[in-house]
Amino acid sequence: MDTERRLDALVGAVADGPVDCDGLRVERDDGYAVETPEGRHEGLDEAALRETLAADERLLDNWWTWHRLDGSRRAFLRWVEGADERPVDERYDLLEEGLTAGWGNLWIRVDLDDAETRRYELRHADDAAVDPADLTSFDDPLDLRRPLKFDDDGRYRPLKTAPNAPTGWRLGGLTGRDCVEAVDVAYPATVANWHRERTGTLDITHWRETTERQTGIYGVVEELPREAVEWVAEAACVDSQCLKRREWQYDEADDLAVDGGDGQFPCREPCSLVVAAARRWTTLEREEERTYELTLTPSEKEQVEAVIDAVADGTTDEIREADVYEGANRYRTRYLRAKRLDDEGNLCGVPTDPGDD
Amino acid sequence: MTDHRSQALVVVAHGSHLNPDSSAPANEHADTVRASGAFDEVRTGFWKEEPSLREVLRTVEADEAYVVPLFISEGYFTEQVIPRELRLDGWDVSAWDSDGLSADSATLTAGDVEKTVHYCGPVGTHGSFTDVLVRRAESVTGDPDVGRDFGLAVVGHGTERNENSAKAIEYHADRIRERGRFEEVQALYMDEEPEVDDVTDYFESDDVVVVPLFVSDGFHTQEDIPEDMGLTDDYRTGYDVPAAVDGSRLWYAGAVGTESLTADVIIERAADAGADVGDAVERVRDSTAPEPADD
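Taken in sequence, the protein lines are chains A and B.
Using my numbering, read the first sequence as starting at 1 and increasing by one per residue.
Using my numbering, read the second sequence as starting at 1 and increasing by one per residue.
These are calculated hints, taken from the structure and not from any lab test.
Some hints here could point you the wrong way.
Here are the in silico distance ranges between beta carbons for each label pair [claimed, not checked]:
| id | chain 1 | residue 1 | chain 2 | residue 2 | range |
| --- | --- | --- | --- | --- | --- |
| 1 | B | His-17 | A | Glu-222 | 16 to 22 Å |
| 2 | B | Asp-246 | A | Trp-231 | 34 to 40 Å |
| 3 | A | Asp-343 | B | His-17 | 32 to 38 Å |
| 4 | B | Asp-97 | A | Glu-222 | 31 to 37 Å |
| 5 | A | Glu-287 | B | Thr-237 | 36 to 42 Å |
| 6 | A | Glu-116 | B | Pro-20 | 37 to 43 Å |
| 7 | A | Asp-343 | B | Leu-18 | 49 to 55 Å |
We treat Cβ as the ideally placed atom computed from N, Cα and C, and that holds for glycine.
If we strip away everything but chain B, and leave its shape as in the complex, we get:
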């Protein structure tokens, strides 16, 4: 280890001025990675909270920083805001050579620190994020083998805000469908057809797990979607899991990004960019596995 260059993981996320829970997934996943010991240092930085994206790199001691955006899709934030705020010299989105789903990493320097920065694609478009969706379904049903006689809905924004957002939803829905584990898999959208409002129309299965492809719980996942699906008339009164809607049982999972296995994808993103993470991927997969529910 004579030539060991110290390595830091920097998880960057949106955060919020209004919602205290917005940054919770980034912090929790950072803790999981920290506990894995795969990095000399693990930090978080936020667009709307502190440390800001502008100042997070100066809190890093390590020589190499692997920056992983805790975002669902490629787009405005991953392509413009984050690289600009981190002052990544010479950044151009062509460095990722991505079709909207295939961003990997780019190695750059930052204008305010003397470090090598490996800027990775977002968590949400990594192939392993499909496993997080499935794990989320296992968590919400308490059944590590869930799938048979179950439908799975993957929910997100439509193309209105970001074309790549819909791409990510379809990508994961297709991959889960191909595995043949669930009876049916359907991508649904909040602002276009097929709409999440009509969720039960799109499934024949009595049981449907609904997983919103969002990083953290907030207005969309806690208010909009539950009311749109008819889980509740008023989000403030809460809803049951599962909840009976139009003769189906809906297992509403909340934001997929809160699932602890997301930490694994963060590590994989950094490993894909060249970080030496040893066997941390396997260990995090084990450590974040849900306890089987008591029968």
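For reference, chain A alone in the conformation it holds in the complex:
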């Protein structure tokens, strides 16, 4: 640890005003006054100040680490190691072994390298215990952009905060700044919005304001009925679909009944994916309802419901090939189609439009 450099910086900082960080307080009046968890020393000249500070390298390093960061980056990295809850000595003991935190599907680890400097590592939470040799290693936060575009099945992820980030990678040896950068690649703007929320400055834009702002092909979205907005939120904005916690409501004074979820970081406005999907739903909701008479056995009715559930929950892949007791099993569904869809694909032979008979 370059103690002299830290001491120079601290003496310089005190010249501009008192320093106060996690139990270390230094001020300049008649000479210097230093307060540490060990006690208070007053009337020190600079040499005595430096000697006193050098006696607790951890306290000095802790100040050095945090004084060079500000805003949301500082707040986030302090949160990662529990800096607001853990005294410096206890925290540095833990840092020697490594401290971990979770952010969405990310696993973040911080420890001290040989020079006693914090180094951060990021992985998918499911890979926390995997041998690093079995993971693809990256060292630049921007290298994560490409792999994180696809889920483990190779499908494009249009929503970065969907809980389907791929596994199998690690990003190690990061500085604090790079750690935040990498988190921002994985979950853009979540650190900034989390920090705004913690400091009481999160700017929430509710459904009505968001949709009233839309123009062009999205101008129609403001016509979506109030009750349908509940279904939008239930379809797209729950924990199973997005790691953000929905804070936006229908309107400032009109909350949605659907739960906003338990995500660590807030969703402050309906996202572009939701607006684009809502455009489709707005069109579909313009249709008048009709009454169809469809003849099904009770099991067939339940099977239709099971298929809807399986598709909506994304569980079709989990149903075993030969498990014909599952309604959404492929053979069961093919049987239902063979029996109940006619050559035009009409359920129970009933045309969608009455005139198409």
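We have chain A already, so just place chain B on it with the hints.
Positioned in the frame of chain A, the structure of chain B alone reads:
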């Protein structure tokens, strides 16, 4: 450097919910600018991806943000959507005082951050974007001197969607024609005359480079145009470069915006708006030059 105000470049682009490659040019050009060291910080923001246009400025640390739209022409997105989503206070398109091709920059504040925002005109209407088109022709032919005995077609949407889109195409086609480097230069359109379907009718040269004026490769540049020109019956089977069509050889370049020299135009846009970029323009021109092909 006592009064140095830190400066960020923010590249804003369309992005896509369906096509993973849509945002690739914005990210790649941002990387090139980042490597040039001309800015303290380089960020990207998207209409359809994240960080969204609504939230990109809050990820910026710098005092000044130079926002450069990676769009081909002035119109709905550059005049309405981007300024609205960025919450640029008091934005009015008259601030650009543009004839549809001459947008430069406007200095504003944004409603959700305490920063100065320099909102620049789109990449596609900058004079230097002509050089990107020519560079694209060099890249696809592997010939840094391509031009003699070659025709060049610049392809885009017609006026149907956006009048300024056709203006940008003609602007660059005219500028390349004036340079006299190619035997013939022709603007072609997807949805009006002269149509790209009949590309070979408009050229006498045996070799024609076809450059679509699009930011990124997608449906139009990878499916529509290759099939319309007869490069292939089915885009999924691919096509040759060059490909023989009606006795001509067509060198289809794909979206011009994927050409790495586009990063230079992004820097120039910001520099025109007052960013201190040092000699980054020259350095990026050098660093993005294609390796000469082996003979």
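**Q.** Consistency of beta-carbon spacing, Glu-222(A) to Asp-97(B), with hint 31 to 37 Å
**A.** Taking Cβ atoms as reference, Asp-97(B) and Glu-222(A) lie about 32 Å apart, which means the hint holds.
(Q) Range first: 34 to 40 Å. Now tell me if the beta carbons of Asp-246(B) and Trp-231(A) are that far apart. (A) With a Cβ separation near 54 Å, Asp-246(B) and Trp-231(A) fall outside 34 to 40 Å, so the hint is violated.
Q) If you check the beta carbons of Asp-343(A) and His-17(B), does the distance land in 32 to 38 Å? A) holds, 34 Å
Q) In this structure, is the beta-carbon distance linking His-17(B) and Glu-222(A) contained in 16 to 22 Å? A) holds, 20 Å
Q) Does the hinted range 36 to 42 Å hold for Glu-287(A) and Thr-237(B) at CB? A) Distance hint for Glu-287(A), Thr-237(B) holds at roughly 39 Å.
Q. Between Glu-116(A) and Pro-20(B), is the Cβ distance one that fits in 37 to 43 Å?
A. holds, 41 Å
Q) Honestly, do Asp-343(A) and Leu-18(B) meet the 49 to 55 Å range at C-beta? A) Because 32 Å falls outside the window, the suggested range is violated.
This entry does not satisfy hints 2, 7, going by the numbered hints stated previously.
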